[in-house]
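Enquirer: The task is simple: from the sequences and hints, build the whole structure.
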Amino acid sequence: MEHSRKIIVMNWLRVIALVSLFLLLIPVAVLLYYGLGPMRSSAGYSITVLHSIELTLFSSALAAMVDVALFTPLAYYLARGRDRFAETLVDIPVSIPHPIVGVALVILDSPRTATGMFLTSLGINFYNTILGLVVALVIMSAPIYVKAMQPYFESKDTAPEDFAMGMGASRLRTMLSVVLPSSVPGIESASLIAMSRALSEFGSISIIAYYVLQYPFYGVSPASVTIYALFSGAVSGGLDAAVTASAVMILISLPIALAAHFSRRNR
Amino acid sequence: MIDVNARKKLGQFSLKASLADGGFICLTGGNGSGKSSLMRAIAGLLPLDEGHVKIDGIDVTRSPTETRGVVLVTPGSHIPHLNVDDHLTWGTRLKKLRIPSERISTVKGELGVDFTGRVSELSQGMRERVSLATALLSCPKAILIDEAFSNIHNRLDFMAAYRKLAADARVDVIFSTQDRSDGSHSDHLYVMSDGAAEKIS
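Chains as they are written, first to last, in the working numbering: chain C, 36 to 302; chain R, 1347 to 1547.
Treat the hints loosely; a few may be bogus.
Each computed DSBU-like pair below joins lysine-lysine, with the alpha-carbon atoms no more than 35 Å apart [said to hold, decoys possible]:
#1 C:K191 / R:K1400
#2 R:K1441 / R:K1454
#3 R:K1355 / R:K1400
#4 R:K1487 / R:K1441
#5 R:K1442 / C:K191
#6 R:K1454 / C:K191
#7 R:K1454 / R:K1545
#8 R:K1487 / C:K191
#9 C:K191 / R:K1441
#10 R:K1545 / R:K1355
Footprint (simulated), chain R over chain C, 3 or more residues, beta carbon under 8 Å [as the list claims (entries may be wrong)]:
#11 188-195
#12 198-206
#13 212-222
These are computed hints drawn from the structure, not numbers from a lab.
Everything numeric in this text was worked out from a predicted model, so none of it was measured.
Glycine included, every Cβ here is placed at the ideal spot set by N, Cα and C.
Expert: In structure tokens:
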């Protein structure tokens, strides 16, 4: 009796869960159906759109690699240090409206500010550069990377680390020679999640890098910006082209999201 | 010589144990009596509320684990991606110590490390042999063994060999066990209950 009631409850849970999941996937389904079906337009996979997608894939992959190189220590520190304050600070970049981060980068690099003059004297420019694009993507994806890596580190048995530190290894040394060699699956999965996040970024990069002016992407906009430009009419092609380009972008980013999921499953 | 007076409140449980001895020390007591907490306190992995930890006369109460010269070995204490030989010399390479290869072969022979391969692919008992040998070869001042003898075949022979090697190297050892009769294979016996340690011999 008890048992059968449990099964019924479980089924209702399943219905509710799947309905909510369906609601979540409506935009994706709409874009795929109309973009590849009734509204299909060759301007949606023109050379301009394909270059945009290339730029987005390239800069997002680069941002994910920077995340791994620079932010793995932070994730490990948060997992072992119990530093609540730092933990809260990590979330700030993603909890403010994204365009503000773009504005911040513009100001940081503006000829009117001291920091801007300093960066320019070093030859560092963010505005409409691949560097600026990647920096914005790193700021927006690193918190996601850290939030994915931290529980991975927390779930690891600390006995090997305690053992290594007992033999005289510092925390940093322990991380480098004991923890990281056995954390490759976690890093793979977290960096793919971070890359998915970078692929989907629009707000900050539409300000700092509406288009970039460097080889081999001279005059190319990131994919999300191109889609918005098509939609708003800033670039000719119209709504049909925007919908088709969106569908193409979904087809390309879906495997990355799925890979992130499966590498997490198998770790 | 390990001299510890540990006071620490851990939720409902409170650790209030003293121990001052050298040699091969057996620590026994029921589940939840505080054996592991006391060892973690000595290793610097559990900060104390009050009390002190002295290793060979040096006060390390406020020192981090890495500078204490105290290695904690539990059943999970191994570096999984290394092969056996690299694992054995990990601590010595870290400290840039030169150890004669005869010493390494003696330790391997005495502790029955007569196998090779990646540590993550060994059996639990083999791993424990490797970890305990690694700890000894890293030339610490003290080794704390938390139940890490338990999966080893011919445990008493292994313990006797380990006791001799540690005495030769002048390394103090505290080992925890569920089996109080292990006390007869040690220099000193402490029994823990409810967070306190009583010296029996």
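Enquirer: Checking one constraint from the list: CA of K191 (chain C) to CA of K1400 (chain R), max 35 Å. Satisfied?
Expert: holds, 30 Å
Enquirer: Please verify the coverage claim for the region 188-195 of chain C: does it have three or more residues whose C-beta sits within 8 Å of some C-beta in chain R?
Expert: Contact hint for the region 188-195 of chain C vs chain R: holds, 3 residues under 8 Å.
Enquirer: Holds or violated: K1441 (chain R) with K1454 (chain R), Cα cutoff 35 Å?
Expert: Holds, at roughly 20 Å.
Enquirer: Residue count check for the region 198-206 of chain C against chain R: does it reach three with CB-CB under 8 Å?
Expert: holds (count 9)
Enquirer: For the pair supplied as a hint, K1454 (chain R) and K191 (chain C), confirm whether the alpha-carbon distance does not exceed 35 Å.
Expert: Status holds; Cα separation ~29 Å.
Enquirer: Count the residues of the region 212-222 of chain C with a beta-carbon closer than 8 Å to any beta-carbon of chain R: does the count reach three?
Expert: holds (count 4)
Enquirer: With a cut-off of 35 Å on the C-alpha distance, tell me whether K1454 (chain R) and K1545 (chain R) pass.
Expert: holds, 33 Å
Enquirer: Does the structure keep K1355 (chain R) and K1400 (chain R) at a Cα separation of 35 Å or less?
Expert: holds, 20 Å
Enquirer: Hinted pair, alpha-carbon criterion (35 Å max): K1545 (chain R), K1355 (chain R). Please report holds or violated.
Expert: At roughly 22 Å apart (the allowed maximum being 35 Å), K1355 (chain R) and K1545 (chain R) satisfy the hint.
Enquirer: Is K191 (chain C) within 35 Å of K1441 (chain R), Cα to Cα?
Expert: Holds - the C-alpha atoms of K1441 (chain R) and K191 (chain C) are around 25 Å apart, at most 35 Å.
Enquirer: Quickly compare the C-alpha distance for K1487 (chain R) and K1441 (chain R) to 35 Å and report which way the hint goes.
Expert: Between K1487 (chain R) and K1441 (chain R) the Cα gap is close to 14 Å, so the pair holds against 35 Å.
Enquirer: Can you confirm whether the C-alpha distance between K1487 (chain R) and K191 (chain C) stays at or below 35 Å?
Expert: holds, 28 Å
Violated hints are absent here; each numbered hint is respected by the structure.
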